[in-house]
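**Q** Produce the complete structure using the sequences and hints provided.
If you read the sequences in order, they're chains H and P.
Just so we're aligned: 221 in the working numbering is position 221 of the first sequence, and the numbers increase by one with no gaps anywhere.
Just so we're aligned: 25 in the working numbering is position 25 of the second sequence, and the numbers increase by one with no gaps anywhere.
Rather than coming from a laboratory, the hints here were simulated on the basis of the structure.
These numbers were taken from a predicted model, which means no experiment stands behind them.
Using N, Cα and C, we set each Cβ at its ideal position, and we do this for glycine too.
Hints are not guaranteed to be accurate.
[What the hints assert, rightly or not] Result set (DMTMM-like, lysine to aspartate or glutamate): computed pairs, CA atoms no more than 25 Å apart in a straight line:
no., chain 1, residue 1, chain 2, residue 2
1, H, LYS204, P, ASP58
2, H, LYS350, P, ASP67
3, H, LYS92, P, ASP44
4, H, LYS204, H, ASP194
5, H, LYS68, P, ASP44
6, H, LYS337, H, ASP170
7, H, LYS341, P, ASP186
[As the list claims (entries may be wrong)] Over 12 Å on every C-beta distance to chain P, these chain H residues come out as not near it, computed from the model:
no., residue
8, ALA89
9, SER221
10, MET336
11, LYS337
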Amino acid sequence: MKYRKIFTLLAGAAVAVVANISSSLAEKLVIATWDGYTPKDMVEKFKAATGIDLELTVHATNEEIMGKVTASGGEGYDIIFVSSPFAEALNKLELLAPINHAKIPNFANLYPEASLLQHDPGNTYSVPYTWGTTGLCYRSDVLKAEPNSWNDLLNPAEDLKGKITMLATDRWLMSAGFLANGLSVNTADQASLDTVRDQLVATKKSLLAYDDTTFYSKLVSGEATLVHAWDGWCNYGTAENAAIKYVIPKEGSDLWVDTLVIPKAAKNLDAAHKFIDFILNAENGKWVVENIMYKVPNKAAMETVDKAMLAAYPNIAIPPADLLKYEQLRDLGDGMKAFSKTVSEIMAAK
Amino acid sequence: MSSRFAAWLLMAPGLLWLGILMVVPCLLVFALAFFERGTYGGVDWSIFTLENFRRAGDPLYLSILLDSARIAAVSTLLALLIGYPAAYAIMRAPERWQTSLLFLAILPFWTNYLIRTYAWIVLLNPVGLINTVLIHLGLISGPLSILYNEFAVILGLVYSYTPFVILAIYSSLQRLDPSYAEASRDLGAGAIITFIRITLPLTAAGVAAGAVFVFVLSIGNFVTPDLLGGGKLQMIGNLIYDQFLTARDWPFGATLAGLLIAVMMALLMLQAVAANRARGDNGKIA
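**A** If you want it as structure tokens, here you go:
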């Protein structure tokens with residue numbers, strides 16, 4: 001009797017295992033994205049439209065997903081949301097599948113500028129999802145004069161000392177210094193690195209903190225008055241206090257682009273293309289603008305955004321042609337060693 | 001079945017666990033240290049090199065290591081100065097309270113480390129609770145700079161790791177035979193002399209265990225310098241984190257991690273030797 005019971009249990013388990021295997025044979029895509037970066041009802045809507053299941057895994061930073069993907073050779077993911085310099089590195093590492101435009105009719109929704117991106121002209125291995133600029137975010141009710149130069153941040157006025165923050169991520173941190181000196185944001189030669197290092201070490205003494213994640217709430221609480229910010233994130237501050245404004249310094253900005261890529265190791269290339277086509281529809285793009293407050297390279301989506309929103313958050317209305325004037329951050333390749341040592345020098349400076 | 005064989009058998013699951021999930025992965029990571037970063041991240045397996053060790057000897061990285069050691073040492077000292085009296089007080093409290101008091105000491109561990117650290121940001125920031133109250137009381141005219149600096153980092157480390165010190169010292173105080181102290185008092189030594197000559201040496205093992213715990217956890221910490229130091233303080237943990245993730249230079253990150261592990265192992269071994277010696281001394285007095 002006892003044995004029969006065990007046998008029944010085992011048989012039951014075997015059936016469950018088989019059932020599991022067959023259900024995993026049904027079409028399913030694994031999407032690696034940032035938490036909250038896609039519409040909440042996306043999984044249901046995509047399933048309804050295509051019959052394909054989505055499994056979302058979230059990463060907090062580009063660096064984190066980059067580590068996972070390089071460690072696994074891209075195995076285990078079908079779509080990865082990643083910023084353009086990282087997409088570029090993944091492509092150079094030969095981990096990405098080519099994008100087949102014939103399978104993505106919604107490419108027609110994108111601005112013509114979206115196919116002119118410096119890291120991937122013609123969108124051969126990456127599809128832009130959002131884009132924007134990096135500049136200064138400030139409390140217009142506290143600051144005496146509107147900032148208009150990177151030097152307003154790097155050499156702050158006396159009353160701003162201890163009231164400014166800079167982005168902690170190495171490439172953007174250094175970019176502020178490069179742009180102030182009229183250099184390319186992809187500079188990696190030692191002499192320029194040294195110049196910018198000395199500048200940023202001097203600025204460090206006036207900093208409240210290096211901050212990538214809560215700089216806008218520091219403006220809202222009044223801890224900070226002027227912060228180094230991505231345009232979309234400055235909008236989060238503006239949403240809580242209309243006196244918080246964004247400006248691109250006169251020396252310019254970088255153009256950041258978050259993209260979708262398909263790893264070569266993806267199990268289901270066809271379904272992955274269907275997902276990209278789905279995410280490029282106007283409705284999804286509009287959701288991003290209204291909820292993430294980023295600009296999207298999706299013309300059809302941008303045209304449906306409420307004009308009141310563009311008035312409240314002027315940086316959302318920056319025209320694509322203006323964005324394209326800025327240089328994108330590119331993978332530095334072998335320049336990375338000298339670059340990261342310079343960043344360590346700044347971080348270790350007292 | 002010999003008792004020695006039984007002992008090995010009983011230890012086998014634990015050893016396997018340690019071996020497969022700790023020793024092997026660490027060795028795999030350390031192996032990376034002998035190769036070069038590929039141009040686009042990843043590892044170039046074609047070149048075997050000691051270059052990373054030469055790079056790690058750069059004064060810049062050594063100064064970061066020394067700085068981390070200094071911050072960890074200060075945190076350890078403060079944790080001992082707070083933890084020892086606390087453990088002593090718990091030991092001297094009525095027996096029925098001791099469990100509750102120990103429970104209170106470890107209660108913070110029931111909360112996530114990040115949340116506890118963020119709580120300090122709420123308290124210490126320029127418009128935070130402490131500054132607001134002090135300004136309203138008229139005790140200070142402008143906010144104190146008590147966040148995003150070394151003070152805040154040390155505060156965070158001491159706060160987080162003092163409970164370990166309390167537990168370690170409490171357990172060695174508890175094992176201490178009270179008759180030693182009584183004998184010392186009977187022979188005319190005052191309370192202070194008794195503490196310095198009898199109690200403290202006999203609980204040295206607990207102090208060493210607590211100290212090594214705080215030091216090792218502090219020197220490798222990267223969350224606290226990031227949050228409470230406002231990213232302005234670079235500790236060796238942050239440097240390793242940055243090499244693995246931001247610079248995508250796994251070989252160099254592995255080299256630095258290997259050096260840090262070596263420092264920690266050396267300390268743990270010293271502590272084990274000290275503990276053994278203390279046990280020997282104990283026997284001598286008895």
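**Q** Need the list of violated hint numbers for this structure, in ascending order.
**A** Those not satisfied are hints 7, 8, 9, 10, 11.
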